[in-house]
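Asks: Listed here are the chains, written in short residue letters.
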Amino acid sequence: GENVEQHPSTLSVQEGDSAVIKCTYSDSASNYFPWYKQELGKRPQLIIDIRSNVGEKKDQRIAVTLNKTAKHFSLHITETQPEDSAVYFCAASPPRYSGGGADGLTFGKGTHLIIQP
Amino acid sequence: EPEVTQTPSHQVTQMGQEVILRCVPISNHLYFYWYRQILGQKVEFLVSFYNNEISEKSEIFDDQFSVERPDGSNFTLKIRSTKLEDSAMYFCASSTQDRDGSPLHFGNGTRLTVT
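Residue numbers (the working numbering), protein chains in the order written: chain A, 13 to 129; chain B, 430 to 544.
Derived from the structure by calculation, the hints contain no laboratory data. Careful, some of the hints might be misleading.
Derived, one-sided and incomplete: chain A residues facing chain B with beta-carbon distance under 7 Å [said to hold, decoys possible]: (1) Arg55; (2) Gly116; (3) Phe119; (4) Gly122.
Backbone N, C-alpha and C define an ideal beta-carbon position, used for all residues, glycine too.
Bound-form chain A, shown alone (with noise of 0.2 Å):
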């Protein structure tokens, strides 16, 4: 099955400052990108998503980039402020076939992003 690795653990930046975080997965197949940030004891919420059909996308403040050949993406977060700090998981995804099959999505362990005033 797909194995997620992310990196690093803990990143803590100056606000305004550039935050990047970085993940890996392991199946060549996985075709579906998403990051979801999570505040303290609320849900995970989808900020950012790719599909393997594109190297790069943005929205705002937030920019995802894909290697398919390394199998790494990473994201990217500019002018980082003070509600940024949440734990952001990378997760990825297997294509569905069809006539159904829900493949779950393998997350990887997450970042604790802490924004320093």
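Fit chain B to the supplied structure of chain A, relying on the hints for placement.
Replies: For chain B alone, kept in the frame of chain A given last:
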């Protein structure tokens, strides 16, 4: 915006008891999931459900677990004989039918405490 809803928010039970965790997925979604998160750890896949049957399950989802869609709106997770190590946050999620991957929408979770 439609949301996945879960009840109860917190469930305390004694070891060996049965618990049922309830979820109402988003109405036009076709895929349903249960995940769990032990405190301070990553989110772990338990089971996925499509077309009224289990599509995939993880090693965690052993014989003590079962899922059911008893009617057109509810999706339940039953743990038959709870163990201390079942204490965790259980998240229900749902997604649309998308061949190339679609976002999972998570509920707020049920915190299960087994004593």
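Asks: Hints first: check each against the structure and report whether it holds.
Replies: Structure-based check of all given hints:
no., hint, in the structure
1, Arg55, "4 Å, holds"
2, Gly116, "4 Å, holds"
3, Phe119, "5 Å, holds"
4, Gly122, "5 Å, holds"
The structure is consistent with each of the numbered hints, conforming to all of them.
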